[in-house]
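J.: Residue-level listing of the chains:
There are 2 protein chains.
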Amino acid sequence: MKLIKLLVFLLCVVHAGAQTPNLMPLPAKYTQGGKNFHIRTSFKIEVEGEADERIYREASRFYQRIAERTGIFFKSWIVNASSKLSGKGLLIRIKAKGVLALGVDESYSLRVEENQVLLLANTDIGAIRGLETLVQMVDSDQEGYFFKGMVIEDEPRFSWRGLLVSQPYHFMPMDVIKRTIDAMAAVKMNVLHFYISDDQGYRIESKVFPRLHEMASDGMYFTHAQVKEMVQYADQRGIRVVPEIDVPGHSTAIIYAYPHLASIKREYELQDHWGVFDPTLDPTKPSTYTFLDSLLTEVASLFPDTYFHIGGDENTGRDWKRNPAIQSFMKENGLTTTLALQNYFNRKVQTILQKNGKIAIGWDEVLMKEVDAKTAKQHFLDGQFDKLIETNVPKDMVIQSWRGMEALLSSAKNGYKSILSKGFYIDLVQPASYHYLNDPIPFRNEVIVPDSEANFDRFESDIIKKIQQGEKLLTQEEEKLILGGEATMWTEHVSAETFDSRVWPRTAVIAERLWSPAEIRNVKDMYRRMDIVSVQLESLGLTHIKNREMLLRRLLGSDDVGSLSNVVQYLEPVQGYKRNRANNFTRFSPYSLMVDIAVPDQKAVRTVTNLFTSGNGINESEKLNQVEMLLRQWMVDAKKVQLDINQKPALKDFLPHAISLEKIAVVGLNFINSYRSGGKINGFWDKEKEAIFNTAAKEHGYCELKVVEPLRRFILDLQDK
Amino acid sequence: MKLIKLLVFLLCVVHAGAQTPNLMPLPAKYTQGGKNFHIRTSFKIEVEGEADERIYREASRFYQRIAERTGIFFKSWIVNASSKLSGKGLLIRIKAKGVLALGVDESYSLRVEENQVLLLANTDIGAIRGLETLVQMVDSDQEGYFFKGMVIEDEPRFSWRGLLVSQPYHFMPMDVIKRTIDAMAAVKMNVLHFYISDDQGYRIESKVFPRLHEMASDGMYFTHAQVKEMVQYADQRGIRVVPEIDVPGHSTAIIYAYPHLASIKREYELQDHWGVFDPTLDPTKPSTYTFLDSLLTEVASLFPDTYFHIGGDENTGRDWKRNPAIQSFMKENGLTTTLALQNYFNRKVQTILQKNGKIAIGWDEVLMKEVDAKTAKQHFLDGQFDKLIETNVPKDMVIQSWRGMEALLSSAKNGYKSILSKGFYIDLVQPASYHYLNDPIPFRNEVIVPDSEANFDRFESDIIKKIQQGEKLLTQEEEKLILGGEATMWTEHVSAETFDSRVWPRTAVIAERLWSPAEIRNVKDMYRRMDIVSVQLESLGLTHIKNREMLLRRLLGSDDVGSLSNVVQYLEPVQGYKRNRANNFTRFSPYSLMVDIAVPDQKAVRTVTNLFTSGNGINESEKLNQVEMLLRQWMVDAKKVQLDINQKPALKDFLPHAISLEKIAVVGLNFINSYRSGGKINGFWDKEKEAIFNTAAKEHGYCELKVVEPLRRFILDLQDK
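So the protein lines, in turn, are chains S and Z.
With this note's numbering, letter number 715 in the first sequence gets 1302, and the count goes up by one each step, no holes.
With this note's numbering, letter number 347 in the second sequence gets 934, and the count goes up by one each step, no holes.
The set of hints was computed from the structure by calculation and includes no laboratory data.
Check each hint, because a few of them may be wrong.
Treat identical chains as interchangeable: a pair holds within one or across any two.
What the hints assert, rightly or not - Capping the alpha-carbon separation at 27 Å, the derived lysine-lysine pairs in DSS-like fashion look like this:
| no. | residue 1 | residue 2 |
| --- | --- | --- |
| 1 | K1239 | K631 |
| 2 | K1190 | K1226 |
| 3 | K631 | K662 |
| 4 | K1190 | K1227 |
If you're wondering where the values come from, they're calculated on a predicted model, not measured in any experiment.
Working from the sequences, and respecting the hints, build out all of it.
T.: Take a look at the structure:
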């Protein structure tokens, strides 16, 4: 008995000590070890069992992806029903054809042995997930390439693992969408939420209402053929595409093309700026529903998935209050709030969707009742969750929660299915770690403190308190109603050139949150694996790494961008909605400047911070040498950048940061000199230095220099030692 | 009189001394000087005169392109018929709508003054060419951005300025094609030659013969909707799209899908390898023409341009000789050679095209008679050009000359229009200077010695001799029959990832050859401008610069590719057809290795060569310092690359080059040491060093290390001084 306990203990230690595999998302269960499978030119792939065409195409693409990384000239390169294993190879065994829909079986198991790789799955979609794992498992030594010996049993924690891409603000053309789909597949995401319509544009062709794309797209939209192409491309990778037509608010584009739908008669233009606007469809006129019936039926026919998003967010209600006829209508129908009127509208729209065999999704406003904060809190404390929501909201409506835990909890307590997006807003350029720890079921795990920009916080702090007190807020059945989550890429502040660097690699860690067990939440290890996957994602055509220097070359007009590149890797865009303050950005303004070249959560910042941090495994003298070399490089780069700016005014945002970088480097070098020579360092950090660092830490051009604080801490730590 | 002569002389000196503007292609006429036009946020654009929609869209795109380079937040950003100049701006005055066709008026004039930019053109297509010039004219100083004061009168020398993109070997998807079109427009090219069918694949959808794309494309083809999208995209930029269906040879893909068309009954498969193969359509069966009638009519309907390419090259004739029925047919019809039979076939095909309102183009085999070299030479010397060509070739057939001056001369002397491609084969990775000096009318200018791989040289040396003797081989009228030229990008040895770096920036100098006056041929200045334009082309999405490090990151599996990148910029792929020797490359083999990352005519090689060359404007001691620093960097990079290779076998091609780079750097550093210390350097260069450099100059992995010879010359020059 004791011996067994000891063995178990030892095994656990071994496991804890072993590095996690270089996979993202990490599989549900895995055992590393055993002999590796060496990849040779004779490598073969066979598919057994009844399979959809998908798996043959993906298996053939697998050959290409391995070949381009390893340089191996395979003798076979196409997998079809007649492909047979003769010698060593990959055997894929599938039980049945997968029907791409919510809840399809995506599980698989993978066994890498010396003579065979065995991939078992209930469906071809599970097998595709397994192939992506195998692509990430390619490793090498001096002898050649191999799949590491390992046994994996894997399945997703959540069935809805999405990414929203909005098209109205900045249009993302087909090549961006296709490589986004490829990258999603690589990290096992399975829903592309395709956001079509907003105040700034309407982005797919409409044959029933052609003025939509003719007037409200600046010529940038997907034709029906292109929508079909996108849906097919996604289906091939086991990814559903869910469209959204946002109504009744966020509808300036629709109203601009068809003004009779408006709640208020006025001159309409497409919005050039970003924000929340008043134009709203008139929910009281039958003609509105006639229009929506035709339009939604057309759109529904283009997207085969069962789910259809109707928006419902951020309706200011002002245009409804301004129109006396709408006010009378509300009275007649006993609708006391604009949200209640919207609920009436939603039910009508839902009927249209039902007729088309669709299930509606809405942002959390479609469910939540308009009650004041105090009442809301009391209902929560009383456990009267039914009083927090509108009555008559159809039970199959899915709630996409973007404003926080209140809506997520209320929908689950009232039996509604939901999807979490709060905390997954990747457009807000927050660190990967923040998104990584944002659990769709926070009601039982450790709680993540919501970010400061929460716009809906009536009793969230009470929720957090209860969880911290150990209270279990959801039953197991209620937890099951939380289908998963969606990263949201609202494209206000990106162009097709910078889209990728805002989405990747951070979205990969959201993918892991939604796929892997809740217990997998080691941030340091996450970053280690994210950096590896980031380079792999590039192979799919993503531009998140390579466009940095491209954008710099454009501004400089030459390829001599080494120093600019070194400096920009220390700059990060301001987080949250801070970039909206100036309100000078529009659909047409340039998104090609410093803040667009800087990316969130820079790897170089993490590397430098690690060097500056005490106890990173090297001795002090060696560390001082490394820091000194780094600071000297900063001085060279900062000076060169200042010269660059001289001739290219478009680089002017760099100026304060370049000057700061030089100044703090000088302080750092002086400090090292004093420290080495045994000089007086106790009083080194004086007011002057404090001022230099405080100035350097300031935001300029919507960016912050992220190496200021690590260097400050480095100096203060040594000084106080 | 004397004073005027002096003035003219002085003006010429000034002109010779002034730098050419940073434009490519250079305009026909230009005068630099005058005040600059400063670009402000209030910059406006107005279009006067009757214009096609094209110009409004291009003018709106112009705003975006200027904004992204300058960071200017323009107050206007869309140009339409109601856009008016209020203050300073660009006035575009157009006489008439341009009809996109061969010979459309593309001339324009451009006058940049302090208060206005005036762009005059006879057609909107001319105006679009002028806008591209203006994009290249953006300049800056500390104050801001401006268009340089200048007056330009411009028109093309040739009306046919094309780029062939072949789809069968490696498929180039829509995004590659679109950015290629953008880049073509940027350097004023006007024909995309879209090569659809060959032994390795058939790349557009066919509704009349669906087995073509279903069986012969591996799922990679353009749908009808996509062809339409491409043609529209090109039209918007004033670029015609000319399709090619290559028959009767190069037709394995067609025969694989429809075997009854073959000249010989056998098992057919798509070709995986590259080369010239026997499968050929049977020209004697009526069913062949029934098939071609339906197919060509379908394809013709997708491409609105008047011209249609029917191939006709490299028919081995072997399958026709193997089939007794075809042999009998030839006898019955008095056809003594396979080329004569092909001529019979061509006339039938031409009738089909004529019915569709199309004019046929063929490679030069469609015109040239099969006569032996001695006879051909005698005909030439006798001036009997009519005896060099087949009889009955329709006079409106256009000849695309790919094998050399013989066909080009023969077609012009016999009254056929022609297009030159010999010397513009950019897939052969030759230096830009070679293509730049390749004049489509060599019959009056200095002669370019054809490259050694000419495969059709029966009396070319005699042509050259005559030109060198000052003989004028073509009349002015005959010269006019030479419509222009086409760069050809045969995609055997590229992927979608490496396509751009094979095409750009070198194709820009071909564009200049075809647009600018023949007298503009200064190679040094061409390279100066090509390097500038290369960076500008990147803004259109081209990957020719940014994919270098992306491909290295993939092979290394990390972003630490600085040394690899430094080394690969000194490597150039072997030129011509040398890569075909091994015959191990196929449609599916990896095109992601060292030879694919190395690019032709590397800028770094030119820079290093310049440093090593005597008399580059710095004193000897400074030069020695610079060379020493460079060689030390080589040693660092070479060592790091050798470490990289250790873990990543896919990098193994680098090994001999990295070792060589290190060894020659050591020799160079030793030499500099001796030279500086006044040591014995006369005997420095011995057999051992000679052997090191000879080994280093050798080809490995289809690449050559291009800094070996410059360093050798540097050492020998100083030693012998």
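J.: How do K1239 and K631 come out at 27 Å by Cα distance, when the copy is not named: within, between, both, or neither?
T.: between (56 Å within a copy, 24 Å between copies)
J.: I want to check one pair: K1190 and K1227. Are their C-alpha atoms no more than 27 Å apart within a copy, between two copies, both, or neither?
T.: both (22 Å within a copy, 22 Å between copies)
J.: For K631 vs K662, is the C-alpha pair at or below 27 Å within one copy, between two copies, both, or neither?
T.: within (8 Å within a copy, 60 Å between copies)
J.: Are the CA atoms of K1190 and K1226 at most 27 Å apart within a copy, between copies, both, or neither?
T.: Answer is both: 23 Å inside a copy and 25 Å across each meet the 27 Å cutoff.
Consistency note: the structure conflicts with none of the earlier hints.
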